[in-house]
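Q: Quick note, the sequences are listed as chains A and B, same order. Counting from 1, one number per residue, gives the positions in the first sequence under full-length UniProt numbering. Counting from 1, one number per residue, gives the positions in the second sequence under full-length UniProt numbering.
Possibly wrong hints are sitting among the right ones.
No copy is singled out in the list; a pair is fine if it fits within one copy or between any two copies.
Lysine-lysine pairs mimicking PhoX-like chemistry, simulated, CA-CA at most 20 Å apart [what the hints assert, rightly or not]:
#	residue 1	residue 2
1	K10	K24
2	K132	K120
3	K243	K10
4	K138	K120
The set of hints was computed from the structure by calculation and includes no laboratory data. Because the structure is a prediction, the values reported are computed rather than measured.
2 protein chains.
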Amino acid sequence: MASEWVTFFKSTKIPDNFDDQLLKIKDFAAKNIENGVPVCLITSGGTTVPLESHTVRYLDNFSVGTRGATSAEYLLSADYAVIFLHRRGSLEPFRRHFQHLNILDLLDDSPILNVSFSVKSTHAEQVASVLKKYSVAKSSNRLLMTEFTTLAEYLHLLKGAARILGDFGPKVLFYLAAAVSDFYIPSSQLPEHKIQSSEGALNIQLQMVPKMLRPLVAEWAPRSFTVSFKLETDEKLLIPKAKQALKNYNHQVVVGNILETRKKQIVIVTQSEDKCVRLSEEEISSGKEIEDYIIQEITHRHQMFMAK
Amino acid sequence: MASEWVTFFKSTKIPDNFDDQLLKIKDFAAKNIENGVPVCLITSGGTTVPLESHTVRYLDNFSVGTRGATSAEYLLSADYAVIFLHRRGSLEPFRRHFQHLNILDLLDDSPILNVSFSVKSTHAEQVASVLKKYSVAKSSNRLLMTEFTTLAEYLHLLKGAARILGDFGPKVLFYLAAAVSDFYIPSSQLPEHKIQSSEGALNIQLQMVPKMLRPLVAEWAPRSFTVSFKLETDEKLLIPKAKQALKNYNHQVVVGNILETRKKQIVIVTQSEDKCVRLSEEEISSGKEIEDYIIQEITHRHQMFMAK
Numbered sequence: 001m002a003s004e005w006v007t008f009f010k011s012t013k014i015p016d017n018f019d020d021q022l023l024k025i026k027d028f029a030a031k032n033i034e035n036g037v038p039v040c041l042i043t044s045g046g047t048t049v050p051l052e053s054h055t056v057r058y059l060d061n062f063s064v065g066t067r068g069a070t071s072a073e074y075l076l077s078a079d080y081a082v083i084f085l086h087r088r089g090s091l092e093p094f095r096r097h098f099q100h101l102n103i104l105d106l107l108d109d110s111p112i113l114n115v116s117f118s119v120k121s122t123h124a125e126q127v128a129s130v131l132k133k134y135s136v137a138k139s140s141n142r143l144l145m146t147e148f149t150t151l152a153e154y155l156h157l158l159k160g161a162a163r164i165l166g167d168f169g170p171k172v173l174f175y176l177a178a179a180v181s182d183f184y185i186p187s188s189q190l191p192e193h194k195i196q197s198s199e200g201a202l203n204i205q206l207q208m209v210p211k212m213l214r215p216l217v218a219e220w221a222p223r224s225f226t227v228s229f230k231l232e233t234d235e236k237l238l239i240p241k242a243k244q245a246l247k248n249y250n251h252q253v254v255v256g257n258i259l260e261t262r263k264k265q266i267v268i269v270t271q272s273e274d275k276c277v278r279l280s281e282e283e284i285s286s287g288k289e290i291e292d293y294i295i296q297e298i299t300h301r302h303q304m305f306m307a308k
Numbered sequence: 001m002a003s004e005w006v007t008f009f010k011s012t013k014i015p016d017n018f019d020d021q022l023l024k025i026k027d028f029a030a031k032n033i034e035n036g037v038p039v040c041l042i043t044s045g046g047t048t049v050p051l052e053s054h055t056v057r058y059l060d061n062f063s064v065g066t067r068g069a070t071s072a073e074y075l076l077s078a079d080y081a082v083i084f085l086h087r088r089g090s091l092e093p094f095r096r097h098f099q100h101l102n103i104l105d106l107l108d109d110s111p112i113l114n115v116s117f118s119v120k121s122t123h124a125e126q127v128a129s130v131l132k133k134y135s136v137a138k139s140s141n142r143l144l145m146t147e148f149t150t151l152a153e154y155l156h157l158l159k160g161a162a163r164i165l166g167d168f169g170p171k172v173l174f175y176l177a178a179a180v181s182d183f184y185i186p187s188s189q190l191p192e193h194k195i196q197s198s199e200g201a202l203n204i205q206l207q208m209v210p211k212m213l214r215p216l217v218a219e220w221a222p223r224s225f226t227v228s229f230k231l232e233t234d235e236k237l238l239i240p241k242a243k244q245a246l247k248n249y250n251h252q253v254v255v256g257n258i259l260e261t262r263k264k265q266i267v268i269v270t271q272s273e274d275k276c277v278r279l280s281e282e283e284i285s286s287g288k289e290i291e292d293y294i295i296q297e298i299t300h301r302h303q304m305f306m307a308k
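Excised from the complex, chain A in its bound form:
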């Protein structure tokens, strides 16, 4: 019932700079839609669930943010504007190509004229190509970065953004790739200080997080196009659970993936079909990314949705 999520939001803290961030989102979306550019909200990375008010320990969901950061690049190439709502420190579009590298290994350590450093020639071409796309996205005001860390921050921002973006109707695409915790501890039940290990075994009781897809589709942005993701480790659960989600929440697409194979195989599930997409061995070795296909599938369906 609707009151579940109302209770959740009432019992958790609104993030810092909340109004500021929403204002930026509103402004960004309005300008792009005005220019005929469709807007996508991508969520990316895992959410944390603190176990103490002064947080030393927390639950986390495994995700470095590859799916979201990679998809953002392909969406920008497909002429979308992208709001990138991501876990602080997780992978970012463009920057992801270098996040595993130490910048200090990328630079020649013999400075030119004592003040200028140059990128090693081994990396210059890659830097050139990424830097160009990054500069275009920035200068054309097509990429807005917004951050979260905790589950509560994420859900407050998602709700705020969805209500604003919902007003722009079918031109808005929600691409919910973040790995969101299903469980949380209500703030009233959180111990204030670090749990002491002298107490022997630890028993943590978590409650279920209400499914926010329901109010997102039914109330916050009912005219927009929504894509959710389903990650499983047990293959036989994947398609049944994806279909169940479509039935429960009545949105447009579930992208299903299995933890071990998520970088080379996904399934696009809609009310009428399920379509498996795989990279060939040749494509994998040539550096093709599965997100290229996911974005083709999604933007094609979103175009048809807008045309109706």
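Add chain B to chain A, keeping to what the hints say.
A: Chain B only, in chain A's frame:
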């Protein structure tokens, strides 16, 4: 009793490349000790505790790794060789000065001669200074990087490294700054697949991790100098708990800190004293780091220990 940690190691998996990593540590330490350079093992960052075998969810300890990464730089300046055993993705010495920056924002987007990129003049001086120290540490073979993610990986590597380094006796300093989980789930009790949220509330039962400081000091490296860290959020627990740790494990120093003030205030606790060290407002605004003082205090005590 000793059998607790024996059981822990038997019931958890040895990390990938374990033997390789230990071989590197052994070689690195032997060469440096031979050259009269004392060796410090720094542990840094938080450990994860997976809640499933195919891990989607895990418990984590809050730590970006500032204490360890910063201390490594000051130890290198104090002519130590450093083995940096850190959480994958956490802050690293030297690199930490740029880890919050996007490399693409650091480079001029107008390439010189179409292939070479230069660092923006606003950052050139900082890059120059850090790059120089980094190059020296690398070329003189004074810095060895080793990584962990899970609690089990961390403890296996700590044990393996401590047994090797223990042979070098008093010339070895253990600087245990990692934020290590006090609780874990034995692998025999882990569900194989992702916990399903349809099951309603979630109840997690964790067991206490045996205190590894005990075998480290008593068995693995009894002649070395060991510094442990204690992080609390409740100020009145800090010194009593630090003193209790010294009594329990019989090592040389506990560095105590409070979560909120850890970047400007610490307390050095030994069998005979507790000494509070604080940065003045002036020092904070001039960019002084508390690790500079911590390393002065620790290396001074370690020198005296070696001289005995």
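Q: With 20 Å as the alpha-carbon cut-off, assign the pair K132 and K120 to within, between, both or neither.
A: both (17 Å within a copy, 16 Å between copies)
Q: Pop the pair K10 and K24 into one bin, within, between, both or neither, using alpha-carbon distances up to 20 Å.
A: Classified as neither: same-chain Cα gap 24 Å, cross-chain 53 Å, threshold 20 Å.
Q: As a check of your reading, is K243 near K10 (CA-CA no more than 20 Å) within one copy, between copies, both or neither?
A: neither (31 Å within a copy, 42 Å between copies)
Q: At most 20 Å between alpha carbons: which applies to K138 and K120, within, between, both or neither?
A: Close across copies (17 Å), not inside one copy (25 Å); limit 20 Å.
Comparing the model with each earlier hint shows violations of hints 1, 3; every other hint is respected.
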